[in-house]
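Novice: So you can see what is in the structure, the chains are spelled out below.
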Amino acid sequence: MDLAFTPEEQQFREEIRAWVRENLPQDIAHKVHNSLHLTREDMQRWAKILGKKGWLGYGWPQQFGGPGWNAVQKHLFEEETALAGAPRIVPFGPVMVAPVIMAFGSPEQHKRFLPGIASGEVWWSQGYSEPGAGSDLASVKTRAERRGDKYIVNGQKTWTTLGQYGDWIFCLVRTDTSGKPQTGISFLLIDMKSPGIEVRPIIMLDGGHEVNEVFFDNVEVPAENLVGEENKGWTYAKHLLSHERTNIADVNRAKRELERVKRIAKAEGVWEDMRFRDEIAKLEVDVVALEMLVLRVLSAEKSGKNSLDIAGLLKIRGSEIQQRYTELMMLAGGAFSLPFIQEAMEAGWQGDFPGGAVALAPLAATYFNMRKTTIYGGSNEVQRNIVAQTVLG
Amino acid sequence: MDLAFTPEEQQFREEIRAWVRENLPQDIAHKVHNSLHLTREDMQRWAKILGKKGWLGYGWPQQFGGPGWNAVQKHLFEEETALAGAPRIVPFGPVMVAPVIMAFGSPEQHKRFLPGIASGEVWWSQGYSEPGAGSDLASVKTRAERRGDKYIVNGQKTWTTLGQYGDWIFCLVRTDTSGKPQTGISFLLIDMKSPGIEVRPIIMLDGGHEVNEVFFDNVEVPAENLVGEENKGWTYAKHLLSHERTNIADVNRAKRELERVKRIAKAEGVWEDMRFRDEIAKLEVDVVALEMLVLRVLSAEKSGKNSLDIAGLLKIRGSEIQQRYTELMMLAGGAFSLPFIQEAMEAGWQGDFPGGAVALAPLAATYFNMRKTTIYGGSNEVQRNIVAQTVLG
Amino acid sequence: MDFDFSDDQEQLRDAVRRWVDRSYTFERRRAAVKAGGFDRTTYGELAELGLAGLYVPEDQGGMGMGPVEAMVVMEELGRGMVLEPLGQTLIASGVLGAYAPQDLQDAWLPRIASGDALVVLAHQERRARWRLDVSETQATESGGAWQLSGTKSLVPAGDEADAFLVPAMAQGRLALFLVEQGGGVHASGYVTQDGSRAAEVKFDKAPATLVAQDGLPALEHAVDIGIAALCAEAVGVIDKTMALTADYMNTRKQFGVPIASFQALRHRMADMKMQQELARSMSYYASLKLNAPAEERRRAMARAKYQLNVAMRFVGQNSVQLHGGIGVTDEYIGSHYFKKLTQMELTFGDTLHHLGEVSSRMQDTAGVFA
Amino acid sequence: MDFDFSDDQEQLRDAVRRWVDRSYTFERRRAAVKAGGFDRTTYGELAELGLAGLYVPEDQGGMGMGPVEAMVVMEELGRGMVLEPLGQTLIASGVLGAYAPQDLQDAWLPRIASGDALVVLAHQERRARWRLDVSETQATESGGAWQLSGTKSLVPAGDEADAFLVPAMAQGRLALFLVEQGGGVHASGYVTQDGSRAAEVKFDKAPATLVAQDGLPALEHAVDIGIAALCAEAVGVIDKTMALTADYMNTRKQFGVPIASFQALRHRMADMKMQQELARSMSYYASLKLNAPAEERRRAMARAKYQLNVAMRFVGQNSVQLHGGIGVTDEYIGSHYFKKLTQMELTFGDTLHHLGEVSSRMQDTAGVFA
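Protein chains in written order, with full-length UniProt numbering: chain A, 1 to 393; chain B, 1 to 393; chain C, 1 to 370; chain D, 1 to 370.
Among the clues, some could well be false.
To be verified - With a cut-off of at most 30 Å between alpha-carbon atoms, the simulated DSS-like pairs for lysine-lysine come out as follows:
hint, chain 1, residue 1, chain 2, residue 2
1, B, Lys232, D, Lys253
2, A, Lys141, A, Lys48
3, B, Lys282, C, Lys240
4, A, Lys266, C, Lys240
5, D, Lys253, B, Lys266
6, D, Lys253, B, Lys238
7, B, Lys232, B, Lys141
8, B, Lys305, C, Lys240
9, B, Lys302, A, Lys282
10, C, Lys240, B, Lys302
11, B, Lys266, A, Lys282
12, B, Lys111, B, Lys53
13, C, Lys240, A, Lys180
14, A, Lys180, A, Lys48
15, D, Lys240, B, Lys141
16, C, Lys240, A, Lys238
17, D, Lys240, A, Lys302
Everything labelled a hint here was simulated from the structure, so no lab data went into it.
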């Protein structure tokens with residue numbers, strides 16, 4: 001048992017750090033460090049830089065062109081990019097659909113889809129949630145009827161994050177209604193330029209356009225876009241969900257944002273207020289404890305000796321901490337967090353912010369936005385059900 | 001709408017205060033103010049003083065010899081006695097069984113039982129809970145078989161508070177097993193000197209003997225000791241429970257103990273510690289808010305205009321606050337709360353307490369003991385069920 | 001001791017509630033937010049109901065009412081999330097009536113009562129945070145005429161108001177002034193998180209009238225009137241939030257049953273109900289202590305705002321959580337209640353500030369009457 | 001980075017666990033509490049397992065092991081709520097080995113390792129609360145011989161110990177001494193809340209040997225060894241508390257079903273599980289930082305003890321609550337785990353103390369490695 005990284009791991013970290021220092025565009029990092037608005041172009045630019053280096057699919061095995069890193073190496077990569085202010089990788093392609101295609105897709109699908117994902121050229125969206133379904137994913141209602149070599153898709157998906165930018169979307173669709181809800185679901189890859197698809201924005205409480213509704217009206221999908229077997233999509237979906245949760249704690253971003261909380265507290269003069277600083281101190285302990293929890297999981301994954309069944313805890317704690325640091329930043333801003341001036345959340349805005357406190361402009365909106373983290377990806381209530389199951393049976 | 005008491009209410013308060021000042025024995029008040037051990041004799045002495053004045057049954061209507069006070073007057077009486085350091089009235093006789101006897105008992109029972117309760121001569125115990133039943137009161141298993149003009153009682157009661165001092169015990173017993181659990185329960189008054197009754201102590205985690213198991217082995221009970229009708233005991237029990245909860249918030253004791261938290265914090269040097277004082281400040285707000293909540297209920301009872309269905313909230317908040325002030329006192333004592341010297345919890349002990357901190361001697365034990373308050377009288381989880389029902393249906 | 005409302009108070013509540021339900025729809029509010037967060041027509045309707053003159057004596061054209069009536073009104077406005085800052089009018093009329101020279105009262109109170117003049121408190125400065133006793137705004141006198149220079153932030157409806165109550169340093173001491181919109185006043189407006197309007201107001205040798213030489217007690221009183229009004233408004237917001245949440249939980253199904261059937265969520269609602277009732281209790285307390293002596297009043301407001309802040313955050317955050325996805329969309333009304341609660345938490349002192357106030361004002365005994 | 005235990009460590013754990021399960025029954029423990037809270041025979045059995053020499057170098061008769069082995073052992077002792085203060089032995093051997101002159105080490109370490117000598121830290125004074133840098137105990141030197149006068153409270157097994165590590169002021173500066181039980185030492189023992197033994201120890205010109213002239217770093221190190229050991233012990237106590245609670249919930253029926261089927265209680269258990277895993281994580285952290293440079297070590301211990309205190313209170317209180325009535329009886333083992341958790345929270349600094357330590361030691365960056 002040893003807390004120190006091995007010399008090899010240290011060297012690996014140094015290499016990542018040096019590369020990030022040279023390759024992460026500083027205008028993008030500036031936006032990330034200050035919660036300013038990231039454009040599609042920003043995200044795409046960074047994705048392509050990573051793609052060129054072969055690191056966009058940093059979790060991929062070597063046989064599919066990934067670096068083949070182990071759990072600790074992946075963590076170090078995530079840590080170095082997060083601390084440097086890199087945007088989070090948009091996960092729908094490289095983190096979500098790619099592993100499903102690798103595990104269950106045909107060799108043709110590998111050849112056709114993986115390169116575009118690895119390079120960052122093709123933007124994928126997720127078509128899981130449906131209206132009224134929420135955490136109950138198995139109640140998929142969007143139908144796909146087989147007609148010859150095509151599926152005809154009708155229905156609606158919702159909460160499709162960044163779907164307005166999507167080139168392709170992977171969907172759970174219902175191909176059979178006869179059995180239990182979990183059976184009769186298929187996993188379909190759909191070109192978002194297909195006729196009959198309409199993407200409508202959902203405006204969030206912070207005024208941002210981040211998620212969408214996606215409508216399917218007699219959309220024709222070539223049967224070759226079915227992943228694996230018909231009616232086995234639920235199995236693939238669960239595979240995906242287990243991948244989705246690995247970095248769910250997002251502890252490296254938390255470390256970066258904890259630093260930022262301190263910077264803002266100092267600028268706002270509340271660092272010297274013992275009451276406020278105590279709140280930061282509690283957050284610091286929370287972050288360190290979460291990091292230790294994550295490291296324990298990584299170590300177990302690396303050695304394969306003891307598996308730790310605590311994904312639910314990571315999701316719960318990680319999301320609570322995300323909410324807490326955005327809350328503390330807003331509270332540090334005090335009344336000056338209250339102006340809602342959307343332009344001030346764009347980089348380079350030159351207007352007058354009340355009191356000159358332009359650094360506070362995005363804080364309340366970020367706080368509002370982060371309320372989603374305890375809801376999505378399996379609400380924290382669902383996670384507690386899962387955790388309780390591990391303790392009580 | 002007015003926060004001030006009327007001149008009549010003010011005068012009432014002054015009268016109570018003056019009487020308490022003259023009649024509450026100071027040795028008893030000293031014990032109450034310092035969480036020292038109260039003997040049966042202490043409790044009985046105070047009960048008889050109240051009984052002589054006609055105030056032991058301070059909630060009783062005039063027709064049964066009570067003072068006939070309204071809700072506000074009762075509150076003022078409770079406040080003045082609590083702040084002065086009077087022991088809580090042992091409720092089983094005057095607060096619990098008496099209202100049931102008044103409402104459902106025969107004139108003979110009124111004559112036979114009420115005087116002894118009103119005077120404080122006869123000590124009553126409660127026989128509700130049974131092993132394995134907890135909050136599920138309807139699952140009574142103790143049987144009472146009618147044989148001629150007697151009932152033969154067999155079974156076991158538990159958590160019988162101060163049952164070791166009891167002269168009489170009121171019991172829920174099963175007289176019929178054919179229907180639903182709630183039917184077939186009867187309400188029986190039993191002389192604890194009857195052959196076949198055995199009282200065994202349950203020692204609590206603080207080392208104290210406060211509750212008991214009571215065993216019934218072919219105990220003969222005259223049929224005239226049945227209250228109301230056979231098999232209707234559940235109705236009477238619910239009547240009793242609704243009475244039990246009126247003063248459940250115990251806000252007046254909370255005010256007294258908040259003062260004591262401050263005294264201890266000053267003596268221990270943590271009053272000047274902003275962190276500790278903030279905890280007291282939060283408690284102070286909690287106590288004031290609870291008092292406002294209680295006053296709202298009293299006002300509604302007095303005017304009869306708006307009834308407030310929040311007994312569950314009073315129980316939950318009152319018990320949480322009880323636990324919190326005992327916790328804060330223990331924390332104020334710090335490491336010096338840790339010695340467990342039972343003799344030091346007796347008044348007049350002359351031994352050496354570690355560090356000379358004898359005032360801290362009962363604090364940890366009191367904290368441990370108060371864990372019961374969120375469990376008994378309908379656990380706080382059961383209360384939350386009830387409260388949720390009022391909001392969600 | 002009596003917490004029943006009088007018939008007059010109940011009638012007042014009904015009148016305001018009727019106006020909110022019939023005239024102040026969510027659609028109208030949404031349009032007002034888009035248009036900048038303040039609508040003079042709406043404010044005129046409030047004035048027509050007599051609300052702008054609630055604290056104005058009857059002989060000045062007002063209703064001459066007290067804190068309990070203000071509480072009743074603010075609860076109902078909170079329930080409708082009314083954007084127009086009636087709380088500011090309560091502050092202005094209350095403070096002018098208590099501290100201003102008679103001629104100033106005669107000049108302004110009737111206009112406030114009629115709704116012709118909107119007067120708001122302009123006290124927030126960048127470096128002061130929640131402190132009331134410091135100001136970088138300077139007042140200078142020359143020949144009996146005062147001029148003010150400095151900047152005040154987050155002034156409610158600051159570019160729409162007709163005049164401001166402004167604390168400023170006069171010969172090293174905080175005094176309170178009335179400044180009219182116009183020459184020497186530059187107000188730059190914007191929308192705030194809850195959709196209402198505020199402005200950065202710069203005073204550049206702006207002509208000013210002295211309200212109170214000893215400005216701190218008047219300013220503290222102003223803020224306390226604001227706190228009591230805000231507490232009442234918050235109760236309305238919380239009530240509506242609770243009702244929306246309960247409705248949603250009984251409608252929304254997951255795994256085939258209404259989510260109101262899940263015990264963990266039911267217990268959460270029980271905890272929210274607790275906060276709701278504690279909030280209402282402490283709002284009563286704030287209003288009933290508003291006319292108490294200054295020290296007692298300040299202590300009471302700190303306790304009340306602390307409790308309300310705790311309740312607002314708890315109810316707001318959990319309401320969003322219990323709603324799930326819909327709760328974080330702009331389309332759903334509930335998210336606006338949440339933002340309103342958040343903004344109120346950061347108005348007139350945040351939670352830690354008021355905890356500090358409670359802590360430093362503690363005495364040996366404590367209770368509603370101490 | 002590797003959190004797997006070595007085979008040797010697993011064997012050590014098994015050996016201690018076996019001893020606890022087989023030899024240290026709850027009945028034996030209860031009898032020991034009744035007899036005063038300390039049993040030399042039991043301590044001898046721990047020494048026979050080699051545990052008293054865990055930190056003692058092999059050439060002094062010990063096992064020469066490190067913090068991870070200490071953690072493994074303390075977890076198991078915590079699981080069994082072992083009364084005898086092995087954590088004190090870790091402190092004494094660790095501090096003597098790191099700070100004492102060689103002859104003092106030679107004289108004491110072998111005796112500590114064999115279990116012949118029990119040496120404990122006697123540092124708590126009435127007025128110091130959690131501060132380590134103040135002491136009213138005075139040390140005076142005369143002809144190379146030191147004498148100590150003063151009173152130390154809550155000294156673990158203080159009337160059973162053979163010697164004490166005692167901080168005292170020597171010429172205005174805190175120094176650390178070793179004092180043997182005997183002349184000039186008056187120990188008055190009693191049982192503490194968790195059933196273990198402590199004593200008030202009065203030194204009256206007691207002969208003393210200097211361990212470290214610069215006593216504060218040594219005392220801080222001593223306390224940090226104690227904190228790491230306590231954190232590990234707490235993990236064992238929490239683990240057992242969780243297991244008892246889960247068992248009870250699956251056995252106990254209310255309204256006809258096991259209480260483990262109620263979602264509100266299940267979610268409470270999920271929250272407790274969170275605290276359990278955070279506690280274990282921070283116990284690892286404490287042990288793995290115990291040999292770090294002093295500043296980093298102190299920061300880490302404050303973070304760890306803060307987290308463990310939070311976890312201990314949450315798990316302890318909720319375990320009692322989930323048990324209902326049985327949870328507050330002396331007869332049931334669970335109530336003793338709760339009292340043990342409470343006592344540990346009040347040992348080596350309470351929650352607010354360590355929050356203060358974390359707060360005052362914060363740097364710009366933070367994390368496991370910062």
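Novice: Evaluate each hint against the coordinates.
Specialist: Okay, the hints, checked on the actual structure:
With a C-alpha separation of about 26 Å, the suggested pair lysine 232 of chain B and lysine 253 of chain D falls inside the 30 Å cut-off, and the hint holds. Pair hint lysine 141 of chain A plus lysine 48 of chain A does not hold up; C-alpha atoms about 35 Å apart against a cutoff of 30 Å. Restraint check for lysine 282 of chain B and lysine 240 of chain C: satisfied, since their Cα atoms lie roughly 27 Å apart, inside the 30 Å limit. In summary, the hint linking lysine 266 of chain A to lysine 240 of chain C is not supported, as the alpha carbons are separated by about 38 Å, beyond the 30 Å threshold.
Taking the CA atoms of lysine 253 of chain D and lysine 266 of chain B, the gap is near 46 Å; set against the 30 Å cutoff, the hint is violated. For the given pair, lysine 253 of chain D sits about 22 Å from lysine 238 of chain B by alpha-carbon distance, which is consistent with the 30 Å threshold. Our distance criterion of 30 Å between C-alpha atoms is met by lysine 232 of chain B and lysine 141 of chain B, whose separation comes to about 15 Å. With a CA separation close to 23 Å, the supplied pair lysine 305 of chain B and lysine 240 of chain C stays within the 30 Å bound.
In summary, the hint linking lysine 302 of chain B to lysine 282 of chain A is not supported, as the alpha carbons are separated by about 46 Å, beyond the 30 Å threshold. For the given pair, lysine 240 of chain C sits about 28 Å from lysine 302 of chain B by alpha-carbon distance, which is consistent with the 30 Å threshold. A distance of roughly 26 Å separates the Cα atoms of lysine 266 of chain B and lysine 282 of chain A; the hinted pair therefore holds under the 30 Å criterion. Between lysine 111 of chain B and lysine 53 of chain B, the direct Cα distance comes to roughly 19 Å. Compliance with the 30 Å bound is thereby established for this hinted pair.
With a C-alpha separation of about 39 Å, the suggested pair lysine 240 of chain C and lysine 180 of chain A falls outside the 30 Å cut-off, and the hint is violated. For the suggested pair lysine 180 of chain A and lysine 48 of chain A, the alpha carbons sit about 42 Å apart, so the restraint of at most 30 Å is broken. A hinted pair counts as satisfied when its Cα atoms are at most 30 Å apart, and lysine 240 of chain D with lysine 141 of chain B does not qualify at roughly 33 Å. Simply put, lysine 240 of chain C and lysine 238 of chain A have alpha-carbon atoms about 39 Å apart, too far for the 30 Å limit, and the pair is violated.
The suggested pairing of lysine 240 of chain D with lysine 302 of chain A holds, with an alpha-carbon distance near 28 Å, which does not exceed 30 Å.
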